Every structure is written in C-alpha cells, then in structure tokens.
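Q: Read off the chains here:
Number of protein chains: 2
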Amino acid sequence: MPTPSFAFSAKAQRTGEAPISYLIAVAKANPGLISFAAGLVDPTTLPGEETLAITQKLLSDPARARDVLQYGTTVGYAPLREAIVRHLEQLEAKPAATMSIDADNIILTSGSQQALYILADVLLDPGDVVIVEAPSYFVYAGALATFGARIMAVPMDRDGMVVEELDKLLHRLESHGQLDRVKAIYCQSYFQNPTGLTLSLERRPRLVEIVRKYSKRHRILLIEDAAYRELRYEGDDLPSLKSFDLDNTLVASCYTFDKPFAAGLKTGFVVLPSDVGKKVLEQKGNHDFGSSHFCQQICYEALESGAYATHLDAVRDGYRKKRDLMLASMKTNLPEHSEVQWTHAKGGLYVWLSLPLSINTSRLGGMFDDCLKAGVIYVPGEYCFHPDEQNHVPQNHMRLCYAVTPIDQIEPGVQKLAGVIKTRLR
Amino acid sequence: MPTPSFAFSAKAQRTGEAPISYLIAVAKANPGLISFAAGLVDPTTLPGEETLAITQKLLSDPARARDVLQYGTTVGYAPLREAIVRHLEQLEAKPAATMSIDADNIILTSGSQQALYILADVLLDPGDVVIVEAPSYFVYAGALATFGARIMAVPMDRDGMVVEELDKLLHRLESHGQLDRVKAIYCQSYFQNPTGLTLSLERRPRLVEIVRKYSKRHRILLIEDAAYRELRYEGDDLPSLKSFDLDNTLVASCYTFDKPFAAGLKTGFVVLPSDVGKKVLEQKGNHDFGSSHFCQQICYEALESGAYATHLDAVRDGYRKKRDLMLASMKTNLPEHSEVQWTHAKGGLYVWLSLPLSINTSRLGGMFDDCLKAGVIYVPGEYCFHPDEQNHVPQNHMRLCYAVTPIDQIEPGVQKLAGVIKTRLR
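Residue numbers (our numbering), protein chains in the order written: chain A, 9 to 434; chain B, 9 to 434.
What you were told as hints is all true, and nothing was included just to trick you.
With a Cα cut of at most 25 Å, we get these calculated DSS-like pairs of lysine-lysine:
(1) K339(B) - K430(B)
(2) K65(A) - K65(B)
(3) K329(B) - K339(B)
(4) K36(A) - K286(B)
Now the stretches of chain B that chain A is said to cover, found in silico as 3 or more residues with beta-carbon under 8 Å:
(5) 37 to 51
(6) 62 to 73
(7) 289 to 301
Hint data in this document are derived by calculation from the structure and do not stem from the laboratory.
Just so you know, these numbers come straight off a predicted model, no measurement behind them.
For every residue, glycine included, the Cβ atom is placed at its ideal position computed from N, Cα and C.
From just these sequences and the hints, can you work out the full model?
A: Put into structure tokens, the structure is as follows:
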C-alpha cells in the first residue's frame, strides 16, 4: 500500500519555497559567479577578536560561565534590555521616558526576523490587510502571505513611502468598509531593502499620525523595521518612527545585532507597546521560551564594553568603501540613458537599479540568464512587488547588494552587468 | 479620545499566559523557597571550561571566526547535521541508512521546543486532533491548544503510554468519522516530563505500527520528544521510536543540546521524513531563517572533540546523585500509605508524586499554599492533564523536579513537603 501524504495545515499549504532559494542554489552551483544577490553580511567585517575577548571574559569566571550557559528568560536578559534602552536613548538623543519606553518594552528575539514574524502571528488572520511599501522586503512579505494576509502596497519616491498615498489608501479602505481588516503597516524606515531609500524626516511624524488617525475601532500597528539603521555611511541619523510615538501605543520597532555586529549570534530585539508586547511574549514562549542566552550575554558585553561601537565604526568604513566603489562603477560603466537610474543610498547594503520597461529583469525574462552566462547575478525586482489591482508586477528593476561581494569583484561585476544591459538596450 | 485596543489574531486570542509563569513569579518573590517546580538545568553541570576551550579554538583562527560569526543556513550547519547522524548511529547502534536517514533529514532549531512548535504549525488547523499522553508535557500541550487543536489523551502506566488505549481511541475516532482530523500523536519516549516514565521497549514498535495502521487517507505524524534521552542514570539506552520507522515516513524525533550540554546555547534538532521536513524548513525560513550559527558551531565542536561525551558523563553523575537523594528522602520522609506513590525514573529530571484523591494539589486547592508557607513549591499535576469527556482533571498529583534544587536542599525540601502531606492525611 503506498504511503499517503500528510495533511498539512492551511498555513503550510500557503507557504512555498522562498524565491531566493533558487538564487542561492544558482550561486552554489556556479562558484565563479559574481553575486550581487546574496544578502549576507561582509565576512571581513565580523568581530572575531572582539567576540573572542568577550567569550574569554564570560567563560573564564566559573560563576559567570554557569550564568551565561543556563537558560535565560523568554523576554530576554534583563541587563541587555536595560543596555538597549540606554542605546536607544543615545540614538534618539532623548530620554526613553519621553517615549514611554523602559526595559519592559524590549523583547529579545532570534534576529529581527523573528520579531517581525511574531508580530504577524499575533495580529493576522486570513483576509486581514497589511500595507507595505512598493517595492518592499520580499522575505517578510512572503511570510505575511502565509498568514493569508492581503498585502496592499503604497508607492515610494526618493523620500521613502509616500505617506499621502497611504492616507488615501486607508481612506479608500474605510469608505469600502474594510478598515476593520487593516492590522498593520510595515515600513523599513532606514536604507530600505531593496531600494536603500530612507523615509524622510518630515514624513516620519506624519506616518505615525496617519496610523493614529485610522486607528478607530481597533489600533493599527506600525511595524518599523530598523535593521539597517546603524549602517549609515554619511549624514546624520534620523529619529525613528518609534520616537514620534510618544505614548508608546502605535509603533513596534525591530532591530538586530546581526548586521551591525555579528550575524552568527542571531540576536535581535523589538521595542513595542506593552499590550502587544504581552501577546508577543506569550507567543514567543510557545515558539522557543526565549532565544540563546549565551548570544544575548555576548551582545550585552559588546554594548557595555564599547566593542559594539568601535566595531560598528569599522563595519561602516568597510561598507562605505564598497558602496562608493559600487556607485562609481555604475556611473562609469552603465550606459547614459534617461531610463537607466539607480538609488544613491546613504547607508545599508543595497542599490536599486531601474531599467527601461523594454528590459525584463525577471527570472524568466531572458536578461537574468544572459547575466548568469556573463557571470553575474542579481535579485529580480519582481520579487519585491505585489500584483496591483490589474495583477501587474513591475519587471524592469533589480536589487543589487554589495555586502558580500569581495571588493575586487565589484567593478568587474558591474562591468558584466553593464555589458548585458547595453546589449538589451540596442 | 481613548486609544482603542489592537485586534489580535484568533491564535493570539487563544494564547494566554503559561501557568508556569505564576510559579516563576512566586519563586522570584520568595527567594528562600525550596523549589521543586523550576525546569531549568543544574547550573553546576554547565560546561564552562569546555565552552571556553571551544570558543577559543573557533575565534582564534581569523578565517574560522569569520565563518562562525556569519549567518548560517535555515536548515543548519552541514557538518553538525552530519555529526548528528553519526551520533544517532551510535545511540541506535545501527547505520542511519537502515532507518533511511541522512544529514538532509536533520533540521537545527532553537531548542527542541522550536522543532515541536513548527511541527504543530505545519500540521494543525483549528479543530484538528492531537493525541498526547495523560499526563503530558504541559508547555507543549498549551502551545498545541493555541492552534485550536483538540487535545485527546491516552492513559499511561509504568511502561509509558498504554498503546492499546491509543489503538482503541483511534478506532473510536474512525468509527465516528473523525480520523481525518487526527494529525499527530505526541509521545515523550524517554523519562517523560512530568512523570519520569519511559515507554517500554516492547511498546515502541507497536506504537509506530498503530500510527501506520491509522494513516489511511493521510499520514499521521508521530512526534517523538527525545529531549531527555541521554540523561539516563541506570540501565541501557532504548532504541528510539524513530529507529522503528525504517522507511522514515512516520516519526519526527526532537532532541536538544540544552539538557545534556548547555542550555544557554539553545540548540536542538529534529530528525524527520523528507516531506514534512520540507514544510518545516519553509516555515522556519519565515520564523527566523535559521538558528544561531555560532551556537551550532559550538555544538559541532563539542560533539567532534569528545567534549560532549565527557561532559555528559559528568552531567549524568551529578543528576544521578540528586535523583538518588530525592528518592531516598521521599522513602524516608513521606508517610507509608497505599495511595502515596511516586515514580522511580531511571533518568531525566522528574518525580511524579500521586496522593490520595482527598488531597487537592492544585494551585487553589489549599495544599499549594500550605507548601508555600512551609517553604517549598511544586508544579500542580492538574497542569499536565486535559479535561476528559466529563470535564474532569485529576488534582491529586504533583511534578517534582530536582534538577536545579541545590543538593543540600533536597532532603529539607522533601521534609517540608512530607510535613504538609501528613497534616492533610490526618
């Protein structure tokens, strides 16, 4: 008798292989490729010496060693949560109390991804609406879709999400009696993945006020993804969306130690209102009872010893060089053409390249394979969009990530890409 | 205008504070208490020196340091998955190929809890049935309930789950046309939490065959929780349920490095059929993209260097002493009474104490508060049961965990407990 298959949950049935898996497999099968697709961090930026010093300190003292190797709590290591509050105060340049934040509003998670995931888990039932930017971070949008959420998108310009368009969309949903289904707005407020764009200072309080305005029968959660905040290579830091949520009721901000410090520690955190925090914590208790206590202690020591700050300077210097080289190579090598345009991010890991509509960057659009033959890959822009009401997805963009690409491959990679684009432009 | 509340998901609304939170709060508020309630690991067993040596090795070599501090993959570190296969071969004393297992059937998770959770996530829709032992591990049963699952229970005796009763229950469900809702059977096959009991050798293949027999229109997953397997203090290891699933289609076995090695690393794994593995992996990609790569590398080095095996011997010696003292203290101090009975586990961290029906061990039953006044706490047995068809939950048991209790507090703790029981028996 043949073995019958499992009857998977509706959620599992809505979940498929991530599109990025194909790109990872392609890169693995072609080790000579220059990849602008991978979203890892630059291995040369990783804090080996700092982490060695910290682990020696933690583990050489038998009492401390027993503490760091024991289970932690679900909410996370209390001294780390307190250190995070102080760190946020530095970033925002104002006391946490002015934002109604204390250590109890911080939950440690397995990277910022887990925080994003659990926020969706506590908010979304099938048919609920989440509003994102177009384009948006495809991994999270994919996760949202597995909850059966309807993803709606608001366009971006150089100043990030066009908040007037969000207002219009919410107004339209309200007039169609659908405001009750809107559970969350997702915004990557710094150096967005995939565009590298940052929400302007002027739009930040307006976005919070729009969310407040439409929080009528229930509150809408503004999910701020601030993963790239500290990877700024020029200019001044901007206050977070969270910093405009003075009574701490509307915004959950997700951060990570993975990008600015060490990805292998997989430690992130979320700063959030108490009522949603309680629900997130209950859910996290079921997921895993709390993330690695050892990794949290390492992050704590890094913050407190100053190793985090020192290392972050080095990380920024490394990425700034790569970004400068990436942008210079693009200027030198890409054809001058009014419809060949790319973003000039002041931080983060991405350049978003837009091409004439006649060039199809999608996986099956021809150009992707030409690039593969030429020895370079990128993330097709189509992954970053949701079909609009006409079921249309833009297919003339690509995400280029320079984070993991060895610095001596950046110019050759751009040259290969430019070569294919020039052929296609003819 | 007052701020409206969030509209949480149905799952979040089904999720409440874990009952154990109350016990943790009680213990925290009364630092002088002797706790037989906490389910942590014995801090004196934690491998400080071993972890120091491993982290020094990993981080002193700059190339290796960059590797261990980089992101890993969602499925987990490949050399660790291969080492786990070899480790399982040792435990089962047969080649992995005879169980149709290779490294691709292993997924690394944030403790075994995350594996258990994601298995539920890929299988359960509201109204689905999961069958557990009575009593069972209350944290997982609580998580299952948040999916809207109906929990049904099968009694245990000294040989673990009474598999004939499972057969009868499945038969009854089938004759009521409800077999299609049965998604999983959950069994803690070694030193069960809360009873310390182990499923007998003879019942193991029978349990697998019963699951196969009722896997008619769809396959039922047998979730084996083997978290305590290696914490054996006497007698020989038993082959896992997984070892009887020769074509690797029916059983998912969950393990952890937390209990036998270091809880702070929060690293576990699941060995499972390929088709359910694919779904678990997709879901884990959305949850967190993979658990801490650094912690996985530490576990790998521990396994490969022999530090894991050496340390495990020390862990077993430590817990064996505590168990012996616990059982001896109970024999000396508890009143001789035909209805005062407790389990004599050969491993794990728990003793299950059963009292006459006239004694109510529940949180609000009076005895709990008397114990608190006397300076000792336990986990009320009621948490470990689901209401039966008459909505009845046994209230004359308690779970006693000797893992974290300092060894010199075990006898005094048992004496306090015995004192209260004697008063209640009068």
